[in-house]
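Asks: If you want the building blocks of each chain, they are given just below.
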Amino acid sequence: MRSLRFLLQKEFRQIFRNTSILRIIFLMPIIQLLVLPWAADYEMKNINITVIDHDHSPYSRQLISKITASGYFILQDYTSSYNQSLVDIEKDKSDLILEIPASFQKNLIKENESKLFVAVNAINGVKANLGGAYLISIIRNFNGNIRSKWIQFPRFNPELNINVVSSDWYNPEMNYKYFMVPGILVILVTLVGSFLASLNIVKEKEIGTIEQINVTPIKKYQFVLGKLIPFWVLGLIVLGIGLGISRLFYGIISAGNLFVIFGFAAVYLLAVLGLGLLISTYTSTQQQAMLISFFLIMIFVLLGGLYTSIDSMPHWAQMMTKVNPVTYFIEVMRMVVLKGSGFADIKNQFLIMLGFAMVLNGWAVLSYRKRY
Amino acid sequence: MKPAITINNIVKFYGAKSNKTEALSGISFNVNEGELFGIIGPDGAGKTSLFRILTTLLLADEGEATVDGYDVVKYYKEIRKRAGYMPGRFSLYQDLTVEENLEFFATIFNTTIEKNYHLIKDIYIQIEPFKKRKAGKLSGGMKQKLALCCALIHKPSVLFLDEPTTGVDAVSRKEFWEMLKKLKQQNITILVSTPYMDEAGMCDRVALLQSGKILSIDTPDGIIEQFQKDLFAVRSSKMLPLLNDLKICSEVEDAYFFGAYHHVVMKHKNEEQQLKNYLSKYAGDGLEINAIRPNIEDCFMALMKNTE
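Chains A and B are the protein sequences, given in the same order.
Residues -1 to 370 in the working numbering are what the first sequence lists, from first letter to last.
Residues 72 to 379 in the working numbering are what the second sequence lists, from first letter to last.
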């Protein structure tokens, strides 16, 4: 026990003496949490639109003003030639083209039907998709409005209408920050927990100090615990800081008990620390460890359901998310923070995480052969 | 006297099967208790591999070894308690201070600085003024002293020093050997390796190691006595042509640079006159021929030539 205490004392001393690492540990989560949620915005705004109006009628003007007034679109250009509008797309000035035919108003009144043409710049898939959908819903809305204006209500509604009213549970305003911030926090805790720990161990290999440690009577588990405990503590501190920031800057107050989050995080950190330990046993320089970590974090983020919904991934990718510990913590964070889930609700994730912790640490300890 | 270290036919390979390099090819010798034993050999001779095997960091492919009576494979835990190891590369914590490093190593060996202070006192006093300084900020000589202190703090019965004086200035080297002599009086067995031949004279016994083979084991004087041939130091103002002429001379067995002189080993005894006659053309160029007593390096060169 005395050896372990001294190992811990030495680790903390080294961490607190290394100001650049300390700054990374504490400033990185703060800055990332303040910046990233604003950038990871799913709502499309500032979509540039070019309108080709061959009609110049009151209706066409009404439609255009309705589009620009929606707040999603910026009228980039107003022309009368399709070819000219294509130049805008080519120069990437415009994302959407709306072409209003010459007889738009006439046909609408006379034949009760008219056509519009929409062209989308699909270079940026998300923008194209959402922009097109927004535009179509605006046009549909416009259509509904004008009809209600000139059609006298008959006694019976000639068309059957299903009116859908939706209500968003757990996040009534559909504020994406409410689910992005807890997710980003998970990534930060993962970074501190596993990658800093693996770098720390590999550093001892690289400098050669592990050689000196290996000829002492220190036991395998003492050395490993001495490395893991400091980062376990730091991970929980970073989580605390992160939750504080999300409360202060985003007004996110966890609906569930904070103990549930910390309890899960304690086990989660064990799992990712095991991963860090594993990386360190398979690498011998900090550079190698960095590159592997970088590779893994990309996979974790993109296959963790942070930015994209897991349900919309292909089946094989969904399988991969199942062996990604980050997935479960993101899920739990969102459940607890937004929904107020308790221990009983996250029992499955908790057990899975416990399994991760045991497998990863067991593997790491087996492959960390202090002796040779 | 019972041996503190026994080494019996140790073989170590590196690399894959197709590309095997033999680092140690069947080495055997014993080191007696309380002995200051030197392993002298050029870079790549296998010194560090041998040290790593004895300090339980590396497994030998063949053969066995004991340290302080314990087998290095079976009882590695015992050896780790009673051996002190100072690797060739400075491997203490550079971001901890001198004092913290010492305290750390004392603690993990379950002892305290106070308990064994008498062992390191003479050495520690020299670095004590810098005890609040980080180890990484010490000079090379200071680092060596600190590393020695850390290797000694648990009162090891056997001390392994892997090239402790490499990269250290001449004065510090001398001091370092003085310290080792004092440690010997504490009845600590010391195994030290060095690439510097001139340090061999400081050891009780030396082993000359070359490409994984032991060329000779003896006291420094004993090794010199093995050198039976006549040796001359020769110089003139035209050194290079002189060496070339010496090398093709039929009476000369070997000739090589040695500082400001060439050392010339003769094939037969009492042939100084023949050498003088042979080199008479250099008489106008300040030719000097002196019979000299061989040193360890001459012996090493001769032994190396024999094994070739």
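Rather than coming from a laboratory, the hints here were simulated on the basis of the structure.
Watch out, some of these pointers could steer you wrong.
As the list claims (entries may be wrong) - Example chain B residues on the side facing chain A (calculated, C-beta under 10 Å, incomplete):
#	residue
1	R123
2	Y146
3	H225
4	S228
5	A354
6	G355
7	L358
We put the CB at the ideal spot given by N, CA and C, even for glycine.
Asks: Classify the hint on Y146 (chain B) as holds or violated, based on whether any CB of chain A lies nearer than 10 Å to its CB.
Replies: 12 Å, violated
Asks: With a cut-off of 10 Å, does the beta carbon of H225 (chain B) approach a beta carbon of chain A closely enough for the hint to hold?
Replies: Given a least distance of 8 Å, the restraint on H225 (chain B) holds.
Asks: Taking 10 Å as the limit, does the beta-carbon of A354 (chain B) come near enough to a beta-carbon in chain A?
Replies: Violated, because the Cβ-Cβ distance from A354 (chain B) to chain A comes to roughly 56 Å (cut-off 10 Å).
Asks: Would the hint on G355 (chain B) stand, with a C-beta cut-off of 10 Å toward chain A?
Replies: 56 Å, violated
Asks: At a threshold of 10 Å, is the proposed contact between R123 (chain B) and chain A supported by beta-carbon distances?
Replies: OK, holds: R123 (chain B) within 10 Å of chain A, min 9 Å.
Asks: Per the CB criterion, is L358 (chain B) less than 10 Å away from chain A?
Replies: 51 Å, violated
Asks: Checking hints one by one. Is S228 (chain B) an interface residue toward chain A, by the C-beta closer than 10 Å rule?
Replies: 14 Å, violated
When the structure is compared with the earlier hints, violations turn up for hints 2, 4, 5, 6 and 7 and for no others.
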